[in-house]
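J.: Model the full structure from these sequences, guided by the hints.
For the record, the sequence lines run as chains A and B.
The opening position of the first sequence corresponds to residue 17 in our numbering, with each subsequent residue numbered one higher.
The opening position of the second sequence corresponds to residue 420 in our numbering, with each subsequent residue numbered one higher.
These are computed hints drawn from the structure, not numbers from a lab.
The beta carbon of each residue, even a glycine, is placed where N, CA and C say it ideally should be.
Do not take every clue at face value.
As the list claims (entries may be wrong) - Which bits of chain A does chain B cover? Going by a derived footprint, with three or more residues having C-beta under 8 angstroms, they are:
id	stretch
1	34-44
2	325-337
To be verified - Across the chosen pairs, the derived CB separations fall in these ranges:
id	chain 1	residue 1	chain 2	residue 2	range
3	A	Ala331	B	Glu719	52 to 60 angstroms
4	A	Ala331	B	Asp561	48 to 56 angstroms
5	B	Asp496	A	Ser333	29 to 37 angstroms
6	A	Gly235	B	Pro517	39 to 47 angstroms
7	B	Ala492	A	Thr87	39 to 47 angstroms
8	A	Phe46	B	Ala554	48 to 56 angstroms
9	A	Gln330	B	Arg479	15 to 23 angstroms
10	A	Asn338	B	Arg489	19 to 27 angstroms
11	B	Asp474	A	Pro47	26 to 34 angstroms
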Amino acid sequence: MEEAILTTIGPPPPFDPELAAALTVIAANFPREFTADLIPLLRQPNPMMPIPSNEDLRRGGAFDVSERIVTGPQGAPDVSLLICRPTAVTAPVATIYHIHGGGMILGDNRTGLPGFLEWGEELNLAVVSVEYRLAPETPHPGPVEDCYAGLVWTAAHAGELGIDPERIIVAGGSAGGGLAAAVALLARDRGGPALAGQMLLCPMLDDRNDTPSALQMAGLGVWDRAANETGWAALLGAASGGPDVSPYAAPARATDLSGLPPAFIDVGSAETFRDEDVTYASRIWQAGGVAELHVWPGGFHGFSGMAPQATVSQAASAAPLNWLHRILAS
Amino acid sequence: MRELVGRLDALDPDASAAVQVIAYFDQLSQARAGLQSIVRGAAVLAGCAAGLADDERRVRLRVGPDGHRREPADTRDPTWLSAPVAPGDTAVLWLERPGPAGPVEAMVLERAAAAAYAVLDRTRGKALAPGHDEAAIEVLIDENAPEDARRHAASALNLAEGDLVHAIALETGARIGRQGDRIEPATRAGIGPDVRVLDLPGSWAAARTALRLTAEGTEDDPGPRIVRADDLGGLALLAAVVGLAAEPVPDVLALEQAASAAPWMLSTLDAVATSMTLRTAAAALGVHHSTLQDRVTHAERVLGWPIREPRGRFRLYAALMLRRLYRNRR
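T.: Following this line, the structure appears as structure tokens:
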């Protein structure tokens, strides 16, 4: 009886009023569908989402911006890192190691970077953003291994970069959040760089794609179940959703979430990823770890970046900065 | 959406931007969002700070284009785009940008004002400012009232004899506006010419005629919701005659018959009659040029006269105006 009640899925929770209004504009200017055959089209430059130039990234001289080509995973091509270091500080700085979003299939290492640089400027952080190879051309483990190789190089060259290797945080939104969680698992399991934290913004964690929120929000919002299916199928092929998926591809598959760096996890209540993200935080606590979880009511996927003016977005954007303050307090 | 909406204007000033603005505020109203959300929407969509002030209801709100609250300004620049939320209402909504308004800004102002009016009405009641003293207004617009009584009513309304004012005819009654007030109300309104206070009965008569030439702005009843008596010219004379005639002329009956032939008919004919070219009419309707050509051919067959050349187009325009006058006989 009780089980039947628990598995009853109600109607989709409503969007926040301001976000619902913003969604009408976003929906009119963004692709409605993410299917495999549309991937080339979706990768075209979108005039609504301009790619920040080096000048934009410098933020009026607050950052030095450079690109480094570094050693990639074994047997794979080199990896490019975009390195933004605050000009105001000469002492080794804490660093956000950024992994961009885009459903595993879209984007580059400038995608979403301005928001992280805003926090970086406030806290005098370096921001290093990795250019990983995308699915489906590069299936798992290519993307996550690229991300991990970039992290290892960054930590090993901390002195040269002027960063503090003890204070590196992996961070990313959406697919980037999933990859950041996976990189944290890899670093733990391979005895890699000791991370100060993992910032997982509405992370894409679970290839099974069948939580109540995934079912509830099908056809709604920004990245629905069908789009998510496209992303996971691109990364994992036929293995997606099956019994043999690596936790380094889909961190929700990890059986052990102990020994991880403190996590910051946020997600909207009205998005596909709600339940997998809430579960991930719960499982970290259950394993004895540290996690901070924010579920923003009525938020669609990526709401705080796409509709930053909304009241709930203002609150959601303040939370990671507040967390960084606490995590990096020395 | 920082990037997204601030540039609606550049995207498509004619059609889709306006549609998105309408959808945005409709969505806010539907979700019963508050005043701050509405003013924030205006600021973000217009890409400049926006505000709402109403001394009667003690409301002062100001929001920047980034969606953050700002301190209310002490003074308001008279060149900024502004509008009372409803004709004669004390609440004013503004965009901190000099005129003239582009199509998107005008739409933002109109829709935000209407949405704000609905909230004010719901949450704080009607503002019974001087302009709303119904009894005094009745006297001022009554040509049979003694001059002494009208002088008394004017002072009750805080109007000096030399002031230039106009009568506003609403479906629900009369309002008085001052010269230069911008009217972007939520309701249908006929605006009389500016006159000295004691000449308001004449302005009122003209405003009532103008009101008869307004329309709901829907598919069944296309046309402007606000009409100024100053723009009517000889149509005012036509209005006086139609008040007496019992039966609609054959062209109006032909229009009604055409209207029953297709749901798009009246809005299409209205666009054809009021646009410079068929091409601009097609753009206003949001249909392809060739679609409009087909519609016009169909319409000519049902109406029984050509509408592509000036004489037939004028006949159509006259029929549309007569139809409104018959519908709004009172």
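J.: Next, verify each hint and record whether it holds.
T.: So, going through the hints one by one against the coordinates:
Only residues whose C-beta sits within less than 8 angstroms of a C-beta in chain B count toward coverage, and the stretch 34-44 of chain A has 9 of them, enough to reach three; the restraint holds. A stretch counts as covered by a chain when three or more of its residues have a beta carbon under 8 angstroms from one of that chain; for the stretch 325-337 of chain A and chain B the count is 5, and the coverage holds. Take Ala331/A and Glu719/B: their Cβ atoms lie about 58 angstroms apart, and the range 52 to 60 angstroms holds. A C-beta distance of roughly 55 angstroms is found between Ala331/A and Asp561/B, which places it inside the suggested range of 48 to 56 angstroms.
Separated by about 31 angstroms at the C-beta atoms, Asp496/B and Ser333/A satisfy the suggested range of 29 to 37 angstroms. A beta carbon spacing of about 44 angstroms between Gly235/A and Pro517/B agrees with the range 39 to 47 angstroms that was offered as a hint. The given range of 39 to 47 angstroms is broken by Ala492/B and Thr87/A, whose C-beta atoms sit roughly 56 angstroms from each other. For Phe46/A and Ala554/B, the Cβ-Cβ distance of about 54 angstroms falls inside the hinted range of 48 to 56 angstroms, so the restraint holds.
At roughly 20 angstroms, the beta-carbon separation of Gln330/A and Arg479/B lies within the given 15 to 23 angstroms, and the hint holds. Roughly 23 angstroms separates the CB atoms of Asn338/A and Arg489/B, a value that falls within the hinted 19 to 27 angstroms. The supplied range of 26 to 34 angstroms is broken by Asp474/B and Pro47/A, whose beta-carbon atoms lie about 47 angstroms from each other.
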